[in-house]
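First to last, the protein sequences are chains U, B, A, F and S. Residue numbering for the first sequence follows this note's numbering, beginning at 1 and increasing consecutively. Residue numbering for the second sequence follows this note's numbering, beginning at 1 and increasing consecutively. Residue numbering for the third sequence follows this note's numbering, beginning at 1 and increasing consecutively. Residue numbering for the fourth sequence follows this note's numbering, beginning at 1 and increasing consecutively. Residue numbering for the fifth sequence follows this note's numbering, beginning at 1 and increasing consecutively.
There's no promise every hint is true.
Derived BS3-like pairs: lysine-lysine, alpha-carbon spacing no greater than 30 Å straight-line [as the list claims (entries may be wrong)]:
#: 1; chain 1: B; residue 1: Lys-150; chain 2: B; residue 2: Lys-24
#: 2; chain 1: A; residue 1: Lys-108; chain 2: S; residue 2: Lys-285
#: 3; chain 1: S; residue 1: Lys-181; chain 2: A; residue 2: Lys-112
Sample of chain A residues lacking proximity to chain S, with all beta carbon distances greater than 12 Å (derived) [stated by the list, open to error]:
#: 4; residue: His-114
#: 5; residue: Leu-203
#: 6; residue: Leu-218
Simulated from the structure, these hints should not be mistaken for lab results. Think of the CB as a built atom: it goes at the ideal place given N, C-alpha and C, for glycine as much as any other residue.
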Amino acid sequence: MMGVLVGKLSEVIEKVVDEPLSYVINWGRLYSLWPVHLETACCSAEFGACHGPRFDAERFGVLEAFGSLRQCDLLIVFGTVTRKMMPRLKLIYDQMPEPKYVIAMGACAIDGGLYFDSYNVLPGIDKIIPVDVYIPGCPPRPEAVVQAIMMLQEKIRRNKAIAIGSWIRKKFLKKG
Amino acid sequence: MSLTTERERALLDKIKAKFEDVIKEKYVKPKRIRIDVSPQKIFEVASFLKALGFNQVASVAGTDYPSSNEMEVVYHIVAIDNELRDIVFALGERVSRDNPIVPSLTDVWKSASYHEQETYEMLGIKFEGHPRLERLLLPEDWADIPPLRKEFKLPGRE
Amino acid sequence: MGVITTFEQFLVRILQILFWLLLLIPMILTPIILLILPYFDISSLYPLVPFKERVDYNQFLKFLMDPTLVFPYLGDWMKTDFFKVVIFPGFTFAALFSGVIITWWERKFLSKVHNRYGPVYAGKFGGILQSIADLFKLLFKEIIIPERVDKLFFFMAPMGTLAISGALLALIPLGPSTYIARSNLSLLLIFAVLGFYPIVVLLASWASANKFSFIGGLRSLHQLVSYEIPLLLSVLGIVIMAGSLDLIRIVEAQVSLWFLIPQFLGAIVFIIATLAELERIPFDLPEADTEIVAGWLTEYSGMLFAIIQLAAYLKFYALSALFTVLFLGGWHGPIFLPPEAWTIIKVFLVMSFLMLIRGSMPRIRIDQLIRIGWVWLITIALINLFIALFIYSMGVKF
Amino acid sequence: MSLAIDLISAINQAIKNLFKRRITLRYPEVNLDIERGYSYDPKAQVGIAGYKGRHILHLEKCTGCSLCAIACQNIANCIAMVKLDVSYPQNKKSIFPQIDYGNCVFCGFCVDACPFYALFMTNDHELSSTDKKSLIMSPLQLSIPPVKKKGLVQLEIDDRGPYHK
Amino acid sequence: MAERTLTLSIGPQHPGAGHFRLIVVLDGDIVVDVKPDPGYVHRGAEKMAEYRTYIQNIPHLERPVIIDSSGILFPYVLASEELLDLPPPPRAQYIRIIMAELNRIISHLYWLGIYGVFVGHTTMFLWPVGDRELFIDLAQMIAGARVTFAFFVPGGVRNDIPDDFPDKAIKVCNYYEKRLKEYEKIFFYNPLVLKRTQGVGILKREDAIELGATGPNLRGSGVKSDVRKDEPYSSYDDIDFEIPVYKDGDCWSRCMVRLGELYQSMNIIKQAIKKMPSGPVKNAKRGVLKGIEGEAFARTESARGTMAYYIISDGKPYPYRLKLSVPSFRCLSLMKHLLVNQHVADIPAIYWGLDYWPVEADK
């Protein structure tokens with residue numbers, strides 16, 4: 001009896017609270033991705049082109065590289081991360097406020113790319129920070145970056161920003 | 001493009017006249033001269049070259065020769081804005097691999113400073129008299145041997 | 001704090017949001033409540049609402065049958081101080097106009113200068129909801145409080161900037177009767193309120209415990225202090241010509257001729273000093289991102305940052321409106337539009353012009369900035385003052 | 001005075017650009033028209049100009065000689081030879097190249113290395129993925145020609161500036 | 001003294017310095033000491049080159065400076081051609097010149113865009129980055145990639161230019177020459193830009209030579225030095241062009257040199273298209289490429305200055321030692337000289353005025 005009641009309650013909360021609020025929050029998040037200004041290697045030149053008038057990532061609400069990382073949500077790792085850069089990258093990721101997203105741009109950031117046998121290059125950034133979208137290419141075309149941003153938006157849209165209903169279900173139904 | 005080497009010969013003769021016994025001619029190609037000097041005498045030769053008009057260092061290249069247990073440092077010197085501007089002069093020296101110490105030419109050419117620092121870092125050749133022999137490009141926690149030595153193998157190779 | 005999965009997190013978040021809503025939204029919600037209140041017995045609430053007489057239910061039913069009967073009451077209500085402070089010339093209108101429309105328009109307008117589109121996809125029409133999206137994102141963003149900051153001032157400073165910008169709005173008239181407060185000294189009061197801004201900025205930068213913040217705060221202090229003097233001097237000519245410090249009196253003096261024409265030099269000085277006061281390009285030194293990261297904003301995140309931005313845009317609006325009132329004849333214009341509309345159109349044009357300067361100028365250096373302020377602007381402002389005195393002594397009356 | 005003129009002419013230049021064309025390519029709706037991919041003529045030993053995008057593999061021509069893998073070995077090390085369940089007469093061992101786009105740098109030297117006209121490049125460049133594994137393309141995936149894109153435009157120039165048509 | 005000063009670390013995460021760190025000591029608003037800290041992008045290209053054949057070296061050797069990738073490959077192919085004995089056919093030399101000059105324009109426009117940001121001029125970031133796409137499209141027509149072309153190979157170039165390239169290139173060049181006039185009005189002769197850049201970071205002629213400046217930095221100090229004229233390689237001696245030289249040695253001179261080079265590069269492209277002979281584009285020699293024993297030193301003028309390669313071969317398909325001498329690396333010695341006793345706000349203006357591309361310097 002209790003279980004049915006809690007189940008119904010969680011469903012109602014999911015419908016009434018979770019879904020509309022999640023929609024609104026996610027809508028704000030996905031059109032307002034501000035990238036951190038962190039240039040790790042040469043792909044940053046093409047990221048600049050992506051913000052140029054031709055590809056104009058600001059159409060999606062992505063500002064051109066922003067001042068302070070305290071206000072940013074998106075960490076785009078432009079290419080190679082060397083052993084000297086690795087601790088800094090981790091630090092920068094930790095300093096960003098939640099929620100934060102990471103895009104690995106270029107072959108070097110995904111797997112090491114050309115520098116698979118270099119003595120000073122980290123083969124793939126997903127070993128130290130979680131990555132949301134990978135953009136292959138060396139460097140990727142700006143269209144590919146825009147496509148990745150759209151992919152990330154899709155990912156944010158599907159993500160549940162608030163999940164009270166399922167929390168209630170998990171907590172109370174197991175006990176009962 | 002002239003393929004004769006008369007000017008280069010004349011230039012080399014001028015240097016040879018001054019330093020008869022210390023320099024060793026390696027090659028004379030059109031617009032390229034290479035001589036080898038012993039590390040003890042390189043400072044004098046370099047000063048003379050600068051007086052001739054070679055006023056900038058384009059590159060300092062260190063090379064490791066484990067087969068003959070030697071290391072080589074080559075200064076590529078160019079002349080900016082004078083009549084020697086089309087000639088690249090290579091000034092080489094060789095030291096033993098066991099204790100690679102050579103005099104720094106920073107006092108002759110200031111432009112050699114960062115190149116020498118890089119060579120020190122990448123090959124472990126010490127430049128005596130260099131103001132700043134410290135870590136430049138490699139990470140702060142680098143504890144391996146200098147990477148451009150031949151016994152340093154890339155990860156996953158051989 | 002990305003995905004909220006537990007009830008505790010949800011409660012915390014809701015409390016946080018309530019805090020921000022309490023700060024911002026009442027200005028939008030209260031008018032609706034006040035619209036309904038008159039229909040009920042509200043004798044106990046007399047001090048709050050405009051209607052001194054008792055409204056009975058019959059009246060309410062009548063309104064339901066014929067909604068047009070509400071309008072006279074609405075008109076009465078719109079004349080109350082509460083409405084003025086909170087809604088129309090006051091906070092809500094200014095915040096919506098400067099925080100939503102102007103931020104969007106700035107991005108679109110500059111994009112056109114850059115030969116590109118700017119925001120497109122947020123909102124159906126040309127990305128018009130872009131700033132709302134930014135606001136929603138910042139509402140739900142984590143606020144990072146670094147360990148070594150002075151928490152009290154770190155939190156107070158954004159509120160301080162908002163309060164100062166909001167206070168500026170009170171004194172600026174948008175129409176002959178559309179103003180919040182009228183004073184014989186309103187022009188002077190505006191400068192008095194502006195004078196608090198550098199203190200708040202310095203407090204914020206000091207509280208942030210960050211080198212870049214601190215440099216930004218010092219720059220801001222230098223800049224704001226040295227540009228208040230030319231700003232004040234540039235309007236003295238107008239005070240002489242209009243013979244009053246009252247802004248409404250000044251606008252009324254411009255019926256025949258805008259002060260822009262006799263006081264052209266003063267207008268130029270005022271525009272330049274305004275740009276410096278607003279910390280906008282070419283004077284955005286306190287937030288110069290390629291030099292000192294984000295200046296005194298470096299450590300601010302989430303909603304605190306949004307509050308500072310809102311305050312900056314409110315100040316932008318207030319000073320543009322001041323320029324309109326002082327130099328562009330305020331609400332004077334052809335009769336086919338209401339006076340308030342003319343003021344707003346002029347303010348919009350002034351703001352667009354300031355954006356255009358942002359699109360065509362680089363940032364200048366702090367020593368040059370101070371030099372321009374203390375040497376050139378003060379000189380020009382003094383020349384302008386003499387011109388005004390000359391015109392006044394010729395016996396020209398405005 | 002000249003200072004004021006210069007300042008005004010700078011602002012004027014900004015105003016003039018309000019009436020110029022926008023160069024923006026509205027990417028998701030329209031696509032840049034890149035005509036063809038890079039290919040190579042092994043007889044003449046020269047390439048044929050084209051865009052270096054994703055590869056296309058002609059299964060019926062590939063002999064499984066792994067020259068492409070050898071060419072790539074020291075460059076990006078992204079080509080691996082894998083066995084397929086299909087049988088072609090020219091490829092007795094049924095091994096074909098599989099490309100890991102997480103590593104590929106699109107230099108096209110694998111195309112130069114192929115002597116049998118089997119491996120070319122296409123103009124496809126939209127390869128982003130949320131998953132690292134899906135960047136590895138099997139020979140069968142490589143053999144599918146790219147989808148023809150909608151709304152192809154090209155960069156044109158007229159008096160009011162460059163634009164896409 | 002220690003109480004008076006403030007140490008700032010500009011980079012590697014700083015909008016004014018990408019992949020590079022400047023440790024700056026300030027006294028008030030004045031810079032007292034500067035220590036450049038490069039190496040955040042050191043990828044060991046020289047060591048990796050010893051494990052790759054002459055062809056396989058091409059992709060990773062162009063990565064250090066992808067915005068000028070032909071510029072960095074040009075001396076490599078010249079040096080390796082000397083070692084491999086593979087002279088390029090004449091048509092290939094002209095195509096190389098076109099590519100190198102296109103790349104010079106692309107690189108200078110990128111530089112100009114970032115310089116705009118660094119002095120706070122937002123429009124000057126977006127215009128050059130947008131117009132750069134015109135030239136990127138041209139380069140993409142030839143080499144099939146936006147920036148990393150891998151187009152030069154020892155013995156020629158990889159493919160011939162398409163038939164419709166010459167018309168399009170001349171159209172773009174004609175349009176852009178007009179467009180540059182707008183840049184001059186809004187940026188180069190803008191009084192505030194002049195205030196920011198004139199008399200800032202003065203590099204005297206003697207110091208420039210002594211400290212090893214090269215390329216536009218050297219020409220901005222009044223030294224007429226350009227490898228394209230000093231030691232004409234490829235087909236540069238058939239082409240008539242000028243070297244812009246400015247005397248003052250400040251940031252503005254360095255800007256104007258690059259502006260002049262934009263005009264000159266378009267001039268060179270037009271001439272090269274006209275003078276281009278027909279014929280093959282690649283040396284027809286086949287077989288495994290093995291270097292002859294010996295060494296070669298080749299230098300060219302890339303967008304940032306003299307780019308040089310020193311290759312030692314011991315008769316194997318791999319180089320025994322490859323030394324890459326890049327112009328950005330030489331800027332390191334200029335930094336301390338120029339930045340000390342300047343204002344904080346001038347750090348970005350001087351730093352990027354040198355066109356220091358950290359990836360290139362770190363190799």
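A quick look at each hint next to the structure:
Straight-line distance between C-alpha atoms of B/Lys-150 and B/Lys-24 comes to about 26 Å, which keeps the hinted pair within the 30 Å bound. Distance check on the hinted pair: A/Lys-108 and S/Lys-285 sit about 57 Å apart at the alpha-carbon level, beyond 30 Å; violated. Under the criterion of a C-alpha separation no larger than 30 Å, the hint pairing S/Lys-181 with A/Lys-112 is consistent with the structure, at around 19 Å. Remark: the non-interface label on A/His-114 conflicts with the geometry, its nearest Cβ contact in chain S lying 4 Å away (cut-off 12 Å).
In this structure A/Leu-203 is separated from chain S by more than 12 Å, as the shortest Cβ-Cβ distance comes to about 20 Å. Distance to chain S contradicts A/Leu-218 as a non-interface residue, since its nearest Cβ pair spans about 9 Å, not more than 12 Å.
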